[in-house]
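So the protein sequences, as listed, match chains D and W.
67 is the number that this note's numbering gives to position 46 of the first sequence; each next residue is one higher, with no gaps.
133 is the number that this note's numbering gives to position 132 of the second sequence; each next residue is one higher, with no gaps.
Just so you know, the hints here were simulated from the structure itself, not pulled from any lab data.
Honestly, I wouldn't trust all of these hints.
Here are some, though not all, of the chain D residues that point toward chain W, as calculated from beta-carbon distances under 7 Å [said to hold, decoys possible]: (1) Gly278; (2) Lys302; (3) Lys307; (4) Gln310.
Covered by chain D, per the in silico footprint, the following chain W stretches (three or more residues, Cβ under 8 Å) [as the list claims (entries may be wrong)]: (5) 288–297; (6) 319–325.
Each residue gets a CB set at the ideal place from its N, CA and C atoms; glycine is no exception.
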Amino acid sequence: MSIETKVIELEEVSIRFSGDSGDGMQLTGTLFSDTSSLLGNDISTFPDYPSEIRAPQGTVAGVSGFQIQFGNKKVSTPGDLAHVLVAMNPAAVKANAKFMNPGGTIFYDSDSFNQKNFEKAKFTTDDPFTELNLIDFNKVPVPITQLTREALKDLEIDNKSILRSKNMFALGLICWVFSRPLDYIENYITKKFGKKELVLESNLRVLHAGYNYAWNLQHMTPRYVVHPAPIEKGLYRNISGNVATAWGLLAAAEKAGLELFIGSYPITPATEVLQALSERKDLGVKSFQAEDEIAGICTTIGAAFAGDLAVTSTSGPGFALKSEALGLGVIAELPLVVVNVQRGGPSTGLPTKTEQSDLMQTLYGRNGESPVVVVAASTPSDCFHYAYMSAKIALERMVPVVLLTDGFLGNGTEPWKVTLLADLPPITPRFAKDVTTYKPYKRDPKTLAREWAFPGMEGFQHRIGGLEKDAAGNVSHDPANHQLMCEIRRDKVEAVADMLPLLEVVGETSGDLLVVGWGGTLGHLDTAVRELQTKGTKVSLAHFNYIKPLPANTAEVFSKFDKIVVCELNLGQFVGYLRDKMPDYKYHQFNKVQGLPFTIHELSAHFLKLIAE
Amino acid sequence: MQDTLNYTLKDFKSENEVRWCPGCGDHAVLNAIQKAMANLGVRHEDFAVISGIGCSSRFPYYMSTYGFHTIHGRAAAIASGVKCANPKLMVWEITGDGDALAIGGNHFIHAIRRNIDFNIILFNNKIYGLTKGQYSPTTDRGFVTKTSPMGTIEDPFVPGQLVLGAGGTFFARCVDNNLKHSQEVFEEAAKFKGTSVVEVLQNCVIFNDGVHEAISDPKTREEHQIFLKHGEPMIFGNNKDKGITMEKGKLKVVQIGEGGANLEDILVHDATDQDGFLQHSLINMKLPDFPVAMGVIRAVPSKVYNEAMDAQIAEAKAKSKITSIDQLLSSGNTWTVE
């Protein structure tokens, strides 16, 4: 390498791959992030894609993006704004201009920057960069289409397939720019297309063409180096929230000595939970793709009645359809885990975008007094832990548990230090043991949990159902009994607090401002709060993973701060719940419902303003 | 094993007082099912009775087996989950015309399409009884009810047609007041591997009394019903002198003997015929031109969902290198930080 290259060392960098939804940007982003974690960088990713699988080509509506941030220290978010954008067409530039760091670099396919595509993307001039006011950016035109064609000219391959491998050119190019070796990607392609020689050959050729082009082009563009992050020793893998959720449930089944049943209906962005479990027949998973959302939870209730660890996965609209059946789970007191990977609503809303707006639905969206335990995961990888804990609570307390994740967590990935089964807490399902004393609704006096006897167990035959019953399990319409049973079901859920960890505070336990969050916003809130702390601001963070019941020390934590601000991706659902449950405190709120995560910048600015007021 | 299980009807009765109206057809069906269960050679604790909502869905409370009285329309889905979770169980779904064919229509057809091995006992009284007399999806056109004061303006489902349309493998029909025949049919349904649907023509003594009387009246039973048996000619009538033939692709009732048809001309019932064309015609037979078909009309052995599910799991377990969650977590693209 005789040519001198300008090398810039960075602590962290954020890249956005963007193109038509058929351009393969999600795969490009995934391969790049896997490569980066293998190099030892900490990463965080955020796929941002349209709900149409193939929206009209070249339009802004059809743009699919994948953002990844990687760094040499802990990376908790995909980054507010991207340093580098790879744009396969003008629409991609238009869709992503607002997510760019000023002064960043834009690599774009100059072959696609033509009049036809300007019109499709609704540009009014033939200079999109000026039109979007992207003056201070380093814009690097690359004739990706033409070079891809050139690389494949002697292969007998149709035009469609040629265009389909353009993403490999972009990937090769970016790998050179960020000093990533190609071996992981080559292995992946070889495994995937091993049997289709022509496809394999063309993908590899184009990948190298992109890499070599960047090498030749280096006078135009700086090369970035991001050193490995100092992270804890151990075995690591990349994992998405949805896969982590699925695997956490698998771990719980194995720990509890139960078979795992999942009854579900495909719905964005939760489908991958069902898929990941369907792939695990080797671990005995019974996956049942139901005819609708209702059958999804009803088959699950049937499996719980029959003695399996029974789970169903869904997103907001599907959760709404499951409400009545979830009520049956409540009154029958069966162990059940419902995973709700939240998305923008109401109705079909923003199916592919993230939001935290199902909290009220989860807490209250059923007929009657119908309490369930509500747990929320907060990073892609901790979905594993909270799915495991949801199953543990359900099985030990004979109660339905709803696990809330969201599209940002479900689709996002990050490196995860693998937790082995031996390191997880025990799970002791409440199997009925004594035939002579068994009654279906006899309870543990402390936890109020009933015992679990299921068909096939000799001598425990009993009937349960959706009708109110008395303590012995007989149907009862007695007024006083109904009130008693409602109170017992409520108290049983509240008693779960005794198995939950106390609420922890990031930073000092007292100060000017306590930032309160829950679920998938942890990465952003934590980053913003820690940054302010390093500048001397007296701000701390209390982030909730257990929503119902709340951790036992919640009031104590709240009482030590001058101001409390509750930040969530909705119009104020958790804050409303806190005002009801912890009415002694004044809550400020910071809300965003744009289908997007918070940005560090907007959070920090708001916190400073609030402290100054 | 079977020999050691000497159950009687009493072993399946629960302590709960049966609260259906006096004279309701459900009482007889309860007895017939309990008798059938006692004969099946299945361990008592391996029965699971799942119901939806409606009068008939109170059924599990009157049984001493495991039972689950669930929510309106969803019993088929819940029973599917029970059977897949533990295929060793013998699962019975108790449902009605509203529960199975209106609010639960989707689960009904999909359970049948999958061919999960459980029994669906469909009590068809052509009315909503528990809500006190509104028309159901099997109510005849023009019938006056509280919600159709000028008569209904919609055609009813014929349950057997729905079963065939959904690719069903087993369909049978019986009448509540014929206990012995019902019991036989329930035993056949229970022994069949796959989703067995039994339509019970059941009388609602309060809101639709006599709806099936023309069919069910014991005095005219032999003339108005034909009891089909696989491999036997389709003969009926007080004197067993009438039969069913096929002419120009259509069924026809003929007199057998002098001046009439020969016994050889009479159709022989084939419940195992995959095609189902003739079974479809039998399901559609109506008074007064035809007797109403009773017994096992269709029983076609086919692939069973829960067995295929188990087979796939066994195959995956035999082939895969991953046998535990720890192995799964350590598989694929991992790296070690030292």
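Evaluation of the provided hints:
1. Given the 7 Å rule on beta carbons, the hint for D:Gly278 is violated: about 12 Å separates it from the nearest Cβ of chain W.
2. A hinted interface residue such as D:Lys302 counts as satisfied when its beta carbon comes closer than 7 Å to some beta carbon of chain W; here the least separation is about 4 Å, so the hint holds.
3. Contact between D:Lys307 and chain W, as hinted, is supported at the beta carbon level, the nearest pair being about 6 Å apart and thus within 7 Å.
4. A distance limit of 7 Å between C-beta atoms decides the matter here; for D:Gln310 the minimum to chain W is near 10 Å, and the interface restraint is violated.
5. With a cut-off of 8 Å between beta carbons, the region 288–297 of chain W has 0 residues touching chain D; three or more are needed, and the interface restraint is violated.
6. With 5 residues bearing a CB less than 8 Å from a CB of chain D, the region 319–325 of chain W meets the requirement of three and the coverage assertion stands.
Consistency note: the structure conflicts with the earlier hints numbered 1, 4, 5.
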